[in-house]
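From just these sequences and the hints, can you work out the full model?
Per this note's numbering, residue 112 is the first one in the sequence shown, and the count goes up by one each step.
The set of hints was computed from the structure by calculation and includes no laboratory data. Computed from a prediction, not measured in an experiment: that's the story for all the values here. It is possible that some hints are incorrect.
[As the list claims (entries may be wrong)] In silico lysine-lysine, DSBU-like type, Cα no more than 35 Å apart, as pairs:
| id | residue 1 | residue 2 |
| --- | --- | --- |
| 1 | Lys316 | Lys304 |
| 2 | Lys205 | Lys304 |
| 3 | Lys236 | Lys304 |
[To be verified] Cβ-Cβ distance ranges computed for the label pairs, FRET-style:
| id | residue 1 | residue 2 | range |
| --- | --- | --- | --- |
| 4 | Gln346 | Met319 | 34 to 42 Å |
| 5 | Ala330 | Gly191 | 20 to 28 Å |
| 6 | Ala189 | Arg148 | 15 to 23 Å |
| 7 | Pro192 | Gly284 | 15 to 23 Å |
| 8 | Ala158 | Asp339 | 20 to 28 Å |
Every residue gets a Cβ at the ideal spot worked out from N, C-alpha and C, and that includes glycine.
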Amino acid sequence: MTTRVALVTGSSRGIGRAIAIRLAGDGCAVAVNYRERRDEADEVVDAIMRADGRAVAVGADLASASDCSRLVESARQALGPIDILVNNAGIFRKGDIADFDYAQMAAMSSVNIDGLVHVTRAVVKDMQTRRWGRIVNIASVAGMGMSTVGTTFYSATKAAVISLTRRFALDLGQHGITVNAIAPGFIATDMAKQSGADFGAIAAKAMMRRVGAPEDIAAATSFLAGEDAGFITAQVLTVDGGRTDYIGHS
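Here is the structure:
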């Protein structure tokens, strides 16, 4: 992987941070994307560089199509053409049908769906030219029918991510590009720790009897982004410790 360049959106903290550091450990040069937390993105870059890796922090608001294009071009100028794209950035707004808020739904869609599309479109030309590419979309078990209240419209955006993953795989496979998704369960990020969630109750819903760590998602991403996954595409890899609280289990 030492010749590969990876772009990880939303990688200043949490799952994205773990993915950026893991891919750098695999040998990739990594573009660390952030929206507002430049200091945290710089910390990720510093951690990678202290381990003799190559990295750059690039700010962009993925709700803006022009920012998405600028993000990819800035990463390309700093590190080279993007070989691996990890669409990790996403936002959550609580809501069910009884308290639907169009503005909040639009905000989620603009990042979770539109941003993913814009960044993907911006990287695929170089991948097509070199006939090699890995795209990993971070979805969620929410997009597969997780029965947690308050996640109805967030779930809809993540279901769209799963659908787009399969369609992009169909569109791009002929060019040597694989497109897969990872559906994390509950992951113990700093944001999750600050949410007041009952980790014990959530762990009890998993067959492994624990909540996930960002590194669990990073490990799965490393596999899907590597050479060994070259004949795997259009798949959704659930990384949730065996959750049992689904609306549908088929």
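Quick rundown of the hints versus the structure:
1. Between Lys316 and Lys304, the direct Cα distance comes to roughly 18 Å. Compliance with the 35 Å bound is thereby established for this hinted pair.
2. A C-alpha spacing of about 17 Å is found between Lys205 and Lys304, which places the hinted pair at or below 35 Å, so the restraint holds.
3. Pair hint Lys236 plus Lys304 does not hold up; C-alpha atoms about 39 Å apart against a cutoff of 35 Å.
4. In this structure, Gln346 and Met319 break the distance hint of 34 to 42 Å, their C-beta atoms being roughly 21 Å apart.
5. For the pair Ala330 and Gly191, the supplied restraint of 20 to 28 Å holds, since their beta-carbon distance comes to about 25 Å.
6. Restraint check, Ala189 to Arg148: a C-beta distance of roughly 19 Å satisfies the suggested window 15 to 23 Å.
7. For the hinted restraint 15 to 23 Å between Pro192 and Gly284, the CB-CB distance of approximately 19 Å keeps it satisfied.
8. For Ala158 paired with Asp339, a C-beta distance near 26 Å keeps the hint of 20 to 28 Å intact.
Violation of the numbered hints given earlier is confined to hints 3 and 4; the remaining hints are satisfied by the structure.
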